[in-house]
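So the protein lines, in turn, are chains A and B. When we follow this note's numbering, the leftmost residue of the first sequence carries the number 7, and every step to the right adds one. When we follow this note's numbering, the leftmost residue of the second sequence carries the number 51, and every step to the right adds one.
Hint data in this document are derived by calculation from the structure and do not stem from the laboratory. Check each hint, because a few of them may be wrong.
What the hints assert, rightly or not - No farther apart than 25 angstroms at their CA atoms in a straight line, the calculated lysine-lysine pairs in the BS3-like style are these:
1. B:K270 to A:K122
2. A:K252 to B:K259
3. A:K122 to B:K155
4. B:K112 to B:K291
5. A:K490 to A:K402
6. A:K122 to B:K162
7. B:K162 to A:K252
8. A:K408 to A:K335
9. A:K252 to B:K110
10. A:K408 to A:K100
11. B:K110 to B:K162
12. A:K252 to B:K270
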Amino acid sequence: MSWILVRIAFRNLREHLAKTLIIGSLIMLGVMLLVVGNSFMDTIQKGIEKNYTENYTGDLFIVNNSVEEISLIFSYDAMSKGPRSVPEYEKVEKIVNSFDQVDKTTGQLNGLATAKWGELGEAFVVLFGVNPSSYTRMFPDGVNILEGSFLPEDGSEGIVLSKTVAQQFSDTAGQQIQVGDTILLTTINTVSGAKIREVTVRGIHDYGDASFDLQFISFIDENNLRIMNGMVANNIEDLDLEETEKEDLGNVSEDELFSLFSDENLFTVTDDVSSIQDDDDYDSLLGDTSDRDIALEVDPHAWNYLLVKLADSGDTDSMVRKINRELEKQGIDATAYPWIKGAGMSAKLADTLSIVFNVLIIVIAIVAVIIIMNTLVISVSERFSEIGTMRAIGAKKNFIRKMITLETMMITLTFGTIGVILGIITLVIFRMVGIEATNQFLQILLGGDIFRPSISVSAIFTSVISVTIVGIAASLYPVSIALKISPLEAMNKG
Amino acid sequence: MKKIMTVLAVSVLLLPLYSISIERGREIINEVDENTTFSGIDLSAQLTIISEDPSDGIDKSKVLQFRNDDDDKFLMLIVEPVAQKGQGYLMIDDNLWFYDPQSRKFSHTSMKEQFNDSDANNSDFQESSLIEDYDVIQVEEAKLGSFDVYKIVMEANNNEVTYPKQILWVTQKNSLVLKSEDYSASDRLLRTSYYPSYTKAADTFIPNKMIFIDNLVENKKTTITISDISVKDLPDSLFTKAYVERVNN
Numbered sequence: 007m008s009w010i011l012v013r014i015a016f017r018n019l020r021e022h023l024a025k026t027l028i029i030g031s032l033i034m035l036g037v038m039l040l041v042v043g044n045s046f047m048d049t050i051q052k053g054i055e056k057n058y059t060e061n062y063t064g065d066l067f068i069v070n071n072s073v074e075e076i077s078l079i080f081s082y083d084a085m086s087k088g089p090r091s092v093p094e095y096e097k098v099e100k101i102v103n104s105f106d107q108v109d110k111t112t113g114q115l116n117g118l119a120t121a122k123w124g125e126l127g128e129a130f131v132v133l134f135g136v137n138p139s140s141y142t143r144m145f146p147d148g149v150n151i152l153e154g155s156f157l158p159e160d161g162s163e164g165i166v167l168s169k170t171v172a173q174q175f176s177d178t179a180g181q182q183i184q185v186g187d188t189i190l191l192t193t194i195n196t197v198s199g200a201k202i203r204e205v206t207v208r209g210i211h212d213y214g215d216a217s218f219d220l221q222f223i224s225f226i227d228e229n230n231l232r233i234m235n236g237m238v239a240n241n242i243e244d245l246d247l248e249e250t251e252k253e254d255l256g257n258v259s260e261d262e263l264f265s266l267f268s269d270e271n272l273f274t275v276t277d278d279v280s281s282i283q284d285d286d287d288y289d290s291l292l293g294d295t296s297d298r299d300i301a302l303e304v305d306p307h308a309w310n311y312l313l314v315k316l317a318d319s320g321d322t323d324s325m326v327r328k329i330n331r332e333l334e335k336q337g338i339d340a341t342a343y344p345w346i347k348g349a350g351m352s353a354k355l356a357d358t359l360s361i362v363f364n365v366l367i368i369v370i371a372i373v374a375v376i377i378i379m380n381t382l383v384i385s386v387s388e389r390f391s392e393i394g395t396m397r398a399i400g401a402k403k404n405f406i407r408k409m410i411t412l413e414t415m416m417i418t419l420t421f422g423t424i425g426v427i428l429g430i431i432t433l434v435i436f437r438m439v440g441i442e443a444t445n446q447f448l449q450i451l452l453g454g455d456i457f458r459p460s461i462s463v464s465a466i467f468t469s470v471i472s473v474t475i476v477g478i479a480a481s482l483y484p485v486s487i488a489l490k491i492s493p494l495e496a497m498n499k500g
Numbered sequence: 051m052k053k054i055m056t057v058l059a060v061s062v063l064l065l066p067l068y069s070i071s072i073e074r075g076r077e078i079i080n081e082v083d084e085n086t087t088f089s090g091i092d093l094s095a096q097l098t099i100i101s102e103d104p105s106d107g108i109d110k111s112k113v114l115q116f117r118n119d120d121d122d123k124f125l126m127l128i129v130e131p132v133a134q135k136g137q138g139y140l141m142i143d144d145n146l147w148f149y150d151p152q153s154r155k156f157s158h159t160s161m162k163e164q165f166n167d168s169d170a171n172n173s174d175f176q177e178s179s180l181i182e183d184y185d186v187i188q189v190e191e192a193k194l195g196s197f198d199v200y201k202i203v204m205e206a207n208n209n210e211v212t213y214p215k216q217i218l219w220v221t222q223k224n225s226l227v228l229k230s231e232d233y234s235a236s237d238r239l240l241r242t243s244y245y246p247s248y249t250k251a252a253d254t255f256i257p258n259k260m261i262f263i264d265n266l267v268e269n270k271k272t273t274i275t276i277s278d279i280s281v282k283d284l285p286d287s288l289f290t291k292a293y294v295e296r297v298n299n
């Protein structure tokens, strides 16, 4: 029975060769596009993942739950008020390191500042505050030092400027900044207000074509960045508002504001209330400032993020779940996230492009289904009398169904296989020749000047599954038409 | 033809009125400057600054303000919160410096910058120089609550000012600003300011209260209450970097 079906299906395809070739070519091109496109996407995603996890983010990270804008690269939250550091950092670090799958951990602080060098040099810097020894242990290839060295391991102050920032200084000052020069960093936080720090340039580094986000990042010693972020150990301030001040809170009503007074009582004449008797009194205006020193004492365990490197990156999702369960169990107000959550725009761009590509593929698949279906419907109509006759001499509906489906599947699988082979050949050619990234956007996305895509097994598998689904979907309607053909009507027409 | 002649005649008649209005507008903003400039005397006061921010919550700070308008100098010295005690903004020789007592360093800053992360700008604390910095574009009579006011539309004539365009509501009787709308170059409303009452000290007016509403962030606002106003002469040594360092020791 099956053999007969195959022979009939094969004969029909051969007799309608033009239609077979049209449908087949469509399928072949579609599958080839799928294999090449998905392999490109897989290569880009894997490249970005490897680049980020091995050099900047680790496989996962832990952050305080109150942080709304999660970004390991660039976060305004680092400058905002409140306990934005990982709570009970040492305990969290101990919990994380208790898992065998965890290879290394390190803390990271984030910050932003304007930087001045001499009278003229100006730049905007994105700062990573790190512990130099644990950071370089975790990311041995992450920092490419062009001049000088990385931050001193004894914890003394310093900054390692990014090449881009060093160039900004050179452009504005008209001369090259040197290792050993000092720069002034200015920033503001809502705990200790505006902060100025003078730091020594220890080195200049380059992230290469890693990402646009990373080009402004400079490394600074952890103590300086904690001071700049207002990460203090003693929260001794309590908001103390007077009753009249509480009344001023909330929305302002313009009508109320300007109906209380009139021209007659808009102003009052004041008596001089100065308590200063002589000029010496000005020197004691601030009184005792020792309380300020206590208020500004830095919390040495404050980190914005705990970065975690796993022995096997494939365990990332399961480890995120495990660590989060343990953090919840221990009542710690922090959450673990996979690296991509905090990796910034460039890393997410590949994901976005992948989504766009897949949407495009779905649209193409729908169009392909419609074209194949229409062609099959025409084919079935042309074989109206033939199918009717088959039904009249005893062919069951199931036989007709199998025959049409088999015809479709023969086309899809045969041409699909050709598409896969052509896709692989195309990828091999691209891999040998290499695709040149002609602009910075492409260089960031493709991870370098020349892109060499890998053949993705999952892309091939996905393509074969997709083409099978397309084949089955496209045959449903023609089958239903074929099954409606009555033998009597077919013979009358014939 | 008759209609055209009528329109032309009306236009010619209205032209002087329009130019008088612009000229009157310049007079008014000149009066605003004079009313709020401490000429021949100095000013010291305490500012209580309450900032409301939907993401950061409520902050309160106290600042001592010292002004010598004749020499274009001012000093703002933060006394509360304790973590910011001693931080200062010093305006000397057309340069505005910020001082951080923790690092004992001064850094050059700009009048356009926000004051201590509030909705007030550093320029809100210097003497008013509207007549120099802005051209009057339009003047009309208006009502603001129970006040008869002039509504004056101004555009900046230089890049040094904080806002390229301002609309002021100025009392007709005393030439005091009650309300200001501050716009970007693209005519976007950035900030609305209210000055609901004033104190008169030695013939010069200073607002008792200033309310700055951030029009870009909903429910973000700063209220500044001014107290302990004095017009006693201030020593020149107060407006020096040496003093700012010394007072922190």
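Numbers of unmet hints, in rising order: Violated hints: 1, 7, 8, 10; rest satisfied.
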